[in-house]
Amino acid sequence: MNFVVLSLGSNSADKIQKMKTCINDLKTVFVDVKVSSVYETEALNGIDNNYLNAVLSGYCDESFDVIKSRMKQYEIDSGRTKESKLKGDVPIDVDIVLWNGDIIKENDFRQIYFQIGWNEIKEL
Numbered sequence: 001m002n003f004v005v006l007s008l009g010s011n012s013a014d015k016i017q018k019m020k021t022c023i024n025d026l027k028t029v030f031v032d033v034k035v036s037s038v039y040e041t042e043a044l045n046g047i048d049n050n051y052l053n054a055v056l057s058g059y060c061d062e063s064f065d066v067i068k069s070r071m072k073q074y075e076i077d078s079g080r081t082k083e084s085k086l087k088g089d090v091p092i093d094v095d096i097v098l099w100n101g102d103i104i105k106e107n108d109f110r111q112i113y114f115q116i117g118w119n120e121i122k123e124l
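Under my numbering, the sequence shown is numbered contiguously, ending at residue 124.
Some hints here could point you the wrong way.
Derived BS3-like pairs (lysine-lysine); straight-line CA-CA distance at most 30 Å [claimed, not checked]:
#	residue 1	residue 2
1	82	72
2	68	85
3	27	82
4	20	82
5	105	20
6	122	34
7	20	122
8	122	82
9	87	122
10	85	20
11	68	20
12	34	72
13	105	87
14	85	105
15	68	122
No lab work stands behind these hints: they were computed from the structure. Since the structure is predicted, the reported quantities are computational estimates derived from the model, not experimental observations.
Full structure from sequences and hints, please.
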């Protein structure tokens with residue numbers, strides 16, 4: 001079993017629903033899931049709408065490449081496009097930050113939007 005930690009975020013008009021749906025959907029993909037609270041952070045660029053964020057961890061049998069592909073497809077299916085990103089509208093963002101204890105996205109790992117939720121689920 002592979003251990004994965006994901007950073008979740010949304011800043012779209014329906015971000016509350018997007019986050020709820022994403023968390024519920026991911027609970028069907030992974031086992032032994034832990035989820036932080038959903039919390040608000042400012043956009044890193046200081047311009048875009050505030051984000052709702054959460055951190056989710058769990059286990060899966062699939063490879064890193066399969067999970068990465070599934071998460072990117074989930075973003076697309078949730079309405080994420082190059083155009084929406086350019087406009088600063090992110091319906092859902094799902095990033096693999098840790099995989100089997102290795103930091104995959106160092107920049108995300110250091111950000112407050114990840115650290116808040118990561119610190120919560122480490123305590124669960």
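Each hint, compared with the structure:
no.	hint	verdict
1	82 with 72	12 Å, holds
2	68 with 85	19 Å, holds
3	27 with 82	27 Å, holds
4	20 with 82	23 Å, holds
5	105 with 20	24 Å, holds
6	122 with 34	9 Å, holds
7	20 with 122	21 Å, holds
8	122 with 82	33 Å, violated
9	87 with 122	34 Å, violated
10	85 with 20	21 Å, holds
11	68 with 20	20 Å, holds
12	34 with 72	21 Å, holds
13	105 with 87	24 Å, holds
14	85 with 105	19 Å, holds
15	68 with 122	22 Å, holds
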